[in-house]
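J.: Here the protein sequences line up with chains A and B, keeping their order.
Here the first sequence stands for residues 202 to 615, numbered as in my numbering.
Here the second sequence stands for residues 202 to 615, numbered as in my numbering.
Watch out, some of these pointers could steer you wrong.
Copies of the same chain look alike in the list, so a pair counts if it fits in one copy or across any two.
[Said to hold, decoys possible] In silico DSS-like pairs for lysine-lysine, Cα to Cα no more than 30 Å straight-line:
id, residue 1, residue 2
1, Lys284, Lys435
2, Lys485, Lys284
3, Lys603, Lys287
4, Lys557, Lys287
5, Lys438, Lys284
6, Lys485, Lys287
7, Lys438, Lys287
Since the hints were derived computationally from the structure, they do not count as laboratory data.
Protein chains: 2
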Amino acid sequence: MAELVGNCLIAQSGGPTAVINASVAGVVAEALNHSCIEEIYGSLNGVLGLLNEDFVDLASESQQAIRGLRTTPGAALGTCRTKLKKPQDFERVLSVFKAHNIRFYFHIGDSGSQETAAKISEAAEAQNYDLRVIGIPKTIDNDLPATDHCPGYGSAIKYIAATVKELSLDADSMGQGDLVTIVEVMGRNSGWLAAGASLAKRRDHPNDPPHLVYLPEVPFTSEKFLDDVRRVLKREKHCVLVAGEGLVDKDGNFVSVENSTTEAQVGGIGEFLKDLVEGQIGAKARVARLGLTQRSAAHLSSKTDSDEAYLVGQAAVKAAVNGESDKLVTLVRGDGDNYTCDTGLSALSDVVGNLKKLPPEWVNEDGVSLNFQFFRYATPLIQGEVVVPYENGLPSYVRLHKEGVDKTLPGYEA
Amino acid sequence: MAELVGNCLIAQSGGPTAVINASVAGVVAEALNHSCIEEIYGSLNGVLGLLNEDFVDLASESQQAIRGLRTTPGAALGTCRTKLKKPQDFERVLSVFKAHNIRFYFHIGDSGSQETAAKISEAAEAQNYDLRVIGIPKTIDNDLPATDHCPGYGSAIKYIAATVKELSLDADSMGQGDLVTIVEVMGRNSGWLAAGASLAKRRDHPNDPPHLVYLPEVPFTSEKFLDDVRRVLKREKHCVLVAGEGLVDKDGNFVSVENSTTEAQVGGIGEFLKDLVEGQIGAKARVARLGLTQRSAAHLSSKTDSDEAYLVGQAAVKAAVNGESDKLVTLVRGDGDNYTCDTGLSALSDVVGNLKKLPPEWVNEDGVSLNFQFFRYATPLIQGEVVVPYENGLPSYVRLHKEGVDKTLPGYEA
Chain A
202 MAELVGNCLI AQSGGPTAVI NASVAGVVAE ALNHSCIEEI YGSLNGVLGL LNEDFVDLAS
262 ESQQAIRGLR TTPGAALGTC RTKLKKPQDF ERVLSVFKAH NIRFYFHIGD SGSQETAAKI
322 SEAAEAQNYD LRVIGIPKTI DNDLPATDHC PGYGSAIKYI AATVKELSLD ADSMGQGDLV
382 TIVEVMGRNS GWLAAGASLA KRRDHPNDPP HLVYLPEVPF TSEKFLDDVR RVLKREKHCV
442 LVAGEGLVDK DGNFVSVENS TTEAQVGGIG EFLKDLVEGQ IGAKARVARL GLTQRSAAHL
502 SSKTDSDEAY LVGQAAVKAA VNGESDKLVT LVRGDGDNYT CDTGLSALSD VVGNLKKLPP
562 EWVNEDGVSL NFQFFRYATP LIQGEVVVPY ENGLPSYVRL HKEGVDKTLP GYEA
Chain B
202 MAELVGNCLI AQSGGPTAVI NASVAGVVAE ALNHSCIEEI YGSLNGVLGL LNEDFVDLAS
262 ESQQAIRGLR TTPGAALGTC RTKLKKPQDF ERVLSVFKAH NIRFYFHIGD SGSQETAAKI
322 SEAAEAQNYD LRVIGIPKTI DNDLPATDHC PGYGSAIKYI AATVKELSLD ADSMGQGDLV
382 TIVEVMGRNS GWLAAGASLA KRRDHPNDPP HLVYLPEVPF TSEKFLDDVR RVLKREKHCV
442 LVAGEGLVDK DGNFVSVENS TTEAQVGGIG EFLKDLVEGQ IGAKARVARL GLTQRSAAHL
502 SSKTDSDEAY LVGQAAVKAA VNGESDKLVT LVRGDGDNYT CDTGLSALSD VVGNLKKLPP
562 EWVNEDGVSL NFQFFRYATP LIQGEVVVPY ENGLPSYVRL HKEGVDKTLP GYEA
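Looking at chain A on its own, in the form it has when it is part of the complex:
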């Protein structure tokens, strides 16, 4: 096989995570090690940049900026929720790649967005254009199959568990009894994030908050919910419960759908449960909806997660340079008692359209708590604290200089 020489391109897609930029830093740092990679480009706003030929020169960024990416939240290159669907979109992407001699393409994204990577790979093959496409996993939802866990998840649950711990101390000190604290977390389709809140419990303290965890995997009924809350209030005088936003009833319908003037979306489960508690039990309830901070609170990210996000970026480059393509980098947990993690590769086709659910056998029979299997799985993912630089009292994050790459093609109407 003749060595492939050319430029590389990185794109970020979907919702950011606290560590999504660490993967960009990993790609850039590793790309510099390989002379077959000439220019290192970033696509602005994910696939929009691919269509609009909106590239920036990442090699011209300072070393500090690339290092700073390892602790900076948001998607530093910009992202989008657009999916490429039409055949002409993929033709356009190929034209743009050819115009810039892109030979190595790194796509940071979740299961849905890796479909785009797979289709770009397919389009290149159809045109006999030698292109290496490697997907890099990213999602706080932890629902990518084929990988033990996803970069972004560890930091999200570290933040959630720490916040639940702090809110619980606050609630526990309010002293007049019968106070229900409802923490609403993200996770439309699965309970990975809600389950992560359980890490707030101290070892061997099963009665620690969160007292109840409601997962989208366990059908919700108001009767059981009210019984659960009453039981905890009797025992603890206050109750801290965590609910995933996508709770469903026994028929699979969302328990709470929030109306917005522009769209209907899942959410508002916290307020729904609050009304139940106040109306049916008469206890005071308060809602903490953690919202977007779950994916952006880089000041409290997990060092393990951040390091792994960097590692998958490096591994993607190594794989591409070694001739791999149409693959997703995965995280592979070691077998030993002590946590170790290495990278692997999986076919993109194994990932696309599949979502990894929280294993039902990790949920206790009560339906509102997790057993040791979940703790064994998740505890290592939140270990270590990223040292974020502070300036003038606040975390100091980088913004890329974003030196544009000259466009060579006529514009494109998507």
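Position chain B against the provided structure of chain A, taking the given hints into account.
T.: The following block gives chain B in isolation, referenced to the frame of chain A:
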């Protein structure tokens, strides 16, 4: 004056702050220095403990526990929102104090709750019972008069500004334009907390997020709000705005009142503004309601604030031992260019029933941004990061052992 010898008692009241326990630690540490103070007691759940004779022995707590209080959120002794009003309540408190030879009473609380301290002082004087009562300031709302600022405020705005910074990076990366991020912060009566979000702006970057700050001090109109948002969207393509929960219209009525099945309360301003933006501008809006994390996120507290919270605890003991009573410890800012802060004393009567407003001259003419006077005031308060110990990936907080003090009186029906 004969030296007063006896026991001391500490009570926490109202909503917790991230540093409310640092003041308890300061009292305990300083009390140990003075032989005239014999036992060091804590009242469980604020004034409820005073009525119910529910005391714990703080001197029996370990050194680690007292040190751990300096970084633990929630009110470690418990708190409550009850106010003592009836004359017989104060008689009861005096009986309890006499039964336990309480001669030094330290009341940690905001303006409203210091009224209780003042009345206890008055009741003691009426009965010729020699009691030193010292109030210790505490509130994230920063609305206590007589003191330059309040312990609790600096940590709250450090958390708010850092979170706004992180949410802004997330929003800025979403790339498809016309996204409005609405951050709802506490502050029913004043804009101190909302104003603090401005610290997220980098020096000399007035166009940094938050782009717009809505304060309860500035009457709200939908027309101006929509104009403001449209202007920012045109310039920045996205808009991050911060709103205090207690925004009022020109007649002084709350713009948004949230209905709960048990009570109506201020709140929901975020959803109200979201509906305005989506309905009138057609832009996508998302709400981050920071909620109770603003007062409990001890993992991101300000070292300056935490140290000052400890300092006011120490100062309270020194004042009481020196014969002062019926006073509030205050924070007094030095005159120099570099921030310094010392403690002072003010009559409790100067504080009770008064609230300190954000000075109108610190708000720019546009009504949605703060000028250099606010930055000069607030920037020093968020400096420094408290080093919170971590265990197993999460902040490690202390719980007091709470060894009860024997009751000697018959029970009391409040």
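J.: Determine for every hint whether it applies to the structure shown.
T.: A quick look at each hint next to the structure:
1. Lys284 with Lys435: between (50 Å within a copy, 26 Å between copies)
2. Lys485 with Lys284: So Lys485 and Lys284 pass the 30 Å test across copies only (18 Å; inside, 44 Å).
3. Lys603 with Lys287: within (29 Å within a copy, 67 Å between copies)
4. Lys557 with Lys287: within (27 Å within a copy, 60 Å between copies)
5. Lys438 with Lys284: Answer is between: at 21 Å across copies they meet the 30 Å cutoff, but 49 Å inside does not.
6. Lys485 with Lys287: between (52 Å within a copy, 25 Å between copies)
7. Lys438 with Lys287: between (57 Å within a copy, 27 Å between copies)
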